[in-house]
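Enquirer: Can you build the whole structure from these sequences, using the hints too?
These protein sequence lines map, in sequence, to chains A and B. First residue of the first sequence? That's 1 in the UniProt record's numbering, and the numbers climb one at a time after it. First residue of the second sequence? That's 1 in the UniProt record's numbering, and the numbers climb one at a time after it.
Keep in mind that the hints were calculated from the coordinates and are not lab data. Careful: at least some of the hints might be erroneous.
Computed footprint of chain A on chain B, listed as stretches where at least three residues anywhere in the stretch have a Cβ under 8 Å from a Cβ of chain A [stated by the list, open to error]:
(1) 12 to 18
(2) 29 to 41
(3) 52 to 64
(4) 129 to 137
Chain B side only, calculated, beta carbon under 10 Å to chain A, not exhaustive [what the hints assert, rightly or not]:
(5) Pro46
(6) Pro82
(7) Phe84
(8) Arg150
Where is the CB? At the ideal position from N, CA and C, for every residue including glycine.
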Amino acid sequence: MIKDKAAIVGIAETAFARRLEASECELASMAILAALEDAGIAPSEVDALSSYTMERTEEIEIAGNLGFGDIRFFSQVGYGGGAGCGTVLHLAMAVASGQAEVAVAWRSRKRGSGPRVWATSAERLYDGYKYTRPYGLVRPADELAVLTRRYMHEFGATREHLANVALTCRRMANNNPRAAMYPKPLTREQYMAARWIAEPLCLYDNCLETDGALACVIVSAERARDCRHRPVYIHAGAQGISAPHPGFMNDYCGTPFRTPSYAAAKALWRGSDFKPDDIKVAQIYDAFTTMVLLSFEAYGFCGRGEGAAFTENGALDPGGRLALNTSGGSLSEAYVHGFNLINEGVRQMRGSSANQVPGADVCLVTSCDDVPTSALILRN
Amino acid sequence: MAGDEKMIASWPLPTTNDHDAPFWQGARRGVVVMEACGSCGKLRFPPRPMCPSCHSRQQQWRELSGRGRIWSFIVPHPPLFPVFNPLAPYNVIVVELEEEPAIRLVGNLVSEPAGPINGVSAETIRIGEPVQAVFVPVTDDVTLIRWIRRR
Ligand SMILES: [Zn+2]
Numbered sequence: 001m002i003k004d005k006a007a008i009v010g011i012a013e014t015a016f017a018r019r020l021e022a023s024e025c026e027l028a029s030m031a032i033l034a035a036l037e038d039a040g041i042a043p044s045e046v047d048a049l050s051s052y053t054m055e056r057t058e059e060i061e062i063a064g065n066l067g068f069g070d071i072r073f074f075s076q077v078g079y080g081g082g083a084g085c086g087t088v089l090h091l092a093m094a095v096a097s098g099q100a101e102v103a104v105a106w107r108s109r110k111r112g113s114g115p116r117v118w119a120t121s122a123e124r125l126y127d128g129y130k131y132t133r134p135y136g137l138v139r140p141a142d143e144l145a146v147l148t149r150r151y152m153h154e155f156g157a158t159r160e161h162l163a164n165v166a167l168t169c170r171r172m173a174n175n176n177p178r179a180a181m182y183p184k185p186l187t188r189e190q191y192m193a194a195r196w197i198a199e200p201l202c203l204y205d206n207c208l209e210t211d212g213a214l215a216c217v218i219v220s221a222e223r224a225r226d227c228r229h230r231p232v233y234i235h236a237g238a239q240g241i242s243a244p245h246p247g248f249m250n251d252y253c254g255t256p257f258r259t260p261s262y263a264a265a266k267a268l269w270r271g272s273d274f275k276p277d278d279i280k281v282a283q284i285y286d287a288f289t290t291m292v293l294l295s296f297e298a299y300g301f302c303g304r305g306e307g308a309a310f311t312e313n314g315a316l317d318p319g320g321r322l323a324l325n326t327s328g329g330s331l332s333e334a335y336v337h338g339f340n341l342i343n344e345g346v347r348q349m350r351g352s353s354a355n356q357v358p359g360a361d362v363c364l365v366t367s368c369d370d371v372p373t374s375a376l377i378l379r380n
Numbered sequence: 001m002a003g004d005e006k007m008i009a010s011w012p013l014p015t016t017n018d019h020d021a022p023f024w025q026g027a028r029r030g031v032v033v034m035e036a037c038g039s040c041g042k043l044r045f046p047p048r049p050m051c052p053s054c055h056s057r058q059q060q061w062r063e064l065s066g067r068g069r070i071w072s073f074i075v076p077h078p079p080l081f082p083v084f085n086p087l088a089p090y091n092v093i094v095v096e097l098e099e100e101p102a103i104r105l106v107g108n109l110v111s112e113p114a115g116p117i118n119g120v121s122a123e124t125i126r127i128g129e130p131v132q133a134v135f136v137p138v139t140d141d142v143t144l145i146r147w148i149r150r151r
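Expert: If you want it as structure tokens, here you go:
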């Protein structure tokens, strides 16, 4: 087990905006350099790297731009939004096992100003999309909408519950000057009147489209004691693919609400001294509001079908049962494939969040519920 | 997926491979044909080279009734692939099959086989509605499976 053997000692991000001039490679380099400065560690000391398989800037570009020395470990974690926490987990394992000493995870995206990934399709479909796209089910939002409609039907969830998630994230972002939606308030009336994307999902059920990059620096617990900031220990981490294991969702077969998060959660709690009851703040992957409800269930904060009711009565506010996405998350801070959730988890443990949860000493961070995924428990 | 493929301004269509060709050939003949294990008989979808239950690589193809029920449905709005934008809002339904409800096919609910995918008002669609497969030739080699209401 990796329990508390490695720590995050540096975090940084570029600005978040719909359009940034710098390239993805430049943004990645800037974020990594700033994270190393935050840690007080020289770039020449970095010997391990991890990012996502969809990252377009290669390790050798990063190492070249930043003047790294010899690299001894590198990995790319698969499945897009499911990868974020996995990058930190891979590096925590590398550091804990002595394979590396100074490790950097990053994600850089131009999803705001770049082409929409679903705006074009191959003329002929070779993969699983051949069973969905010919019928006009073309975007991730469409796939989530299928699940959302069924979830509402089976468990009585309503748009009011989805709005609880969207409005919570926006309120958090309204206190966070880094957030793309700072300082733009969102009312329940605006949510209900918003244009549809894929009924029953409206505009505000969908994450932002953002340019930006983030990075964090991981070293051993021993080394972390000599760094600039209070260490944030990587207490537990896990990846997960639930059986049955589809490419995206379980809509083709099997049990649709048993998403990959269930497998990740099982492994995560097994490696942790904490239980869901001990967690008062969480950064839950929120590309779509529905994912958050399903994640509450998967990670054991409530039972199957109870994720909607869990959002009621201010439960997601700071000081509530489970403070949610305290930077604004993907819905209102930035959509950078969930890496901003990791850095915000670190800020909560440092006590420096714009929406600091009083007394928070442990934080759950998750990656995408609907694809092969990963999760972390951070502690101070 | 390789980056040099032609991107379309037209309808996205499937290619067939060694494992799934009978499914698409079945549609061209006007039948929902589903892969089953040649050893234990369990139906599986999407087509794959090994039975996840008994690990046999033997396969057989079974003609099904083409009957099912609506398991979920959505109504996409633009921006979509260019070809779908003029048709939106339209319906997409997910159908659980009568013979194996754990297998679900994505499709569209139409008022008649040749009808448009925006021809049935989404306000009238209900989860659990019984539906019947219909077969819509799109090109010489591809026939799509759509669905009409069954009574
Ligand atoms: Zn079998």
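Enquirer: Checking against the hints above, which ones are violated?
Expert: 2, 3, 4 and 8
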